[in-house]
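Chemist: What follows is the residue order along each chain.
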Amino acid sequence: AQSVTQLGSHVSVSEGALVLLRCNYSSSVPPYLFWYVQYPNQGLQLLLKYTSAATLVKGINGFEAEFKKSETSFHLTKPSAHMSDAAEYFCAVSGLGAQKLVFGQGTRLTINP
Amino acid sequence: NAGVMQNPRHLVRRRGQEARLRCSPMKGHSHVYWYRQLPEEGLKFMVYLQKENIIDESGMPKERFSAEFPKEGPSILRIQQVVRGDSAAYFCASSPPGVTYNEQFFGPGTRLTVL
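Protein chains in written order, with my numbering: chain C, 18 to 130; chain E, 2 to 116.
Please keep in mind that the hints were generated in silico from the structure rather than gathered at the bench. Incorrect hints may have been included.
What follows is a list of derived Cβ distance ranges for each label pair [stated by the list, open to error]:
1. C:89 <-> E:42: 21 to 27 Å
2. C:25 <-> E:86: 23 to 29 Å
3. C:100 <-> E:4: 32 to 38 Å
Quick caveat, the model's predicted, so the values are computed rather than measured. Backbone N, C-alpha and C fix where the C-beta goes; we use that ideal spot for every residue, glycine too.
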């Protein structure tokens, strides 16, 4: 069984500040991990994915995430927040092969000017 | 390469009516997934299909819900006798055959409102 916990349903940062969105996972098999972003009334867009090739993963829009097996974490970071980063962010886990994604409950990121 | 297409984008139904949601996967993708997003919640898996086969329906409600992915045409998620609790955003995702890490591409969703 797999599960994802995102700590903090709402995160607010100032423009230019560090963004840190937390994700912890549970998986009985080696996990594949994903971060998706959802803008209001839109679908999900893939930010980045961990597929065991490298523990530090770089994605689009300046985001990156680090896979830490010992901490079962896959936190999302961005050094400097931009107003356009305001959105809902979802962490998801999957196992090997074509299987369902298990999502966390999401974190709503607000950027203050 | 067009992305995942879903229609309609918005659907309004009265209690007891049927809702049909359509999903056309990306070109070359043979795996289709349906997810439901209730207000203020994350996405919950409903069903995973390949052409003419349901592979995993562990997230589908036992009654009123069905899904298909025929040999020709889009995947259909059908909800019979809708109730207010069915109001949600329904997302379809697709993935290509043969990948090991299950990257899924999402459509824009269908927002169902039950009056």
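Chemist: Assuming the hint says 32 to 38 Å, is it satisfied by the Cβ distance from residue 100 of chain C to residue 4 of chain E or not?
Modeler: violated (25 Å)
Chemist: Mind checking the hinted window 21 to 27 Å against the Cβ distance between residue 89 of chain C and residue 42 of chain E?
Modeler: holds (23 Å)
Chemist: So does residue 25 of chain C sit 23 to 29 Å from residue 86 of chain E, Cβ to Cβ?
Modeler: For residue 25 of chain C and residue 86 of chain E the Cβ distance comes to about 28 Å; the hint holds.
The structure does not agree with numbered hint 3 stated previously, though it agrees with all others.
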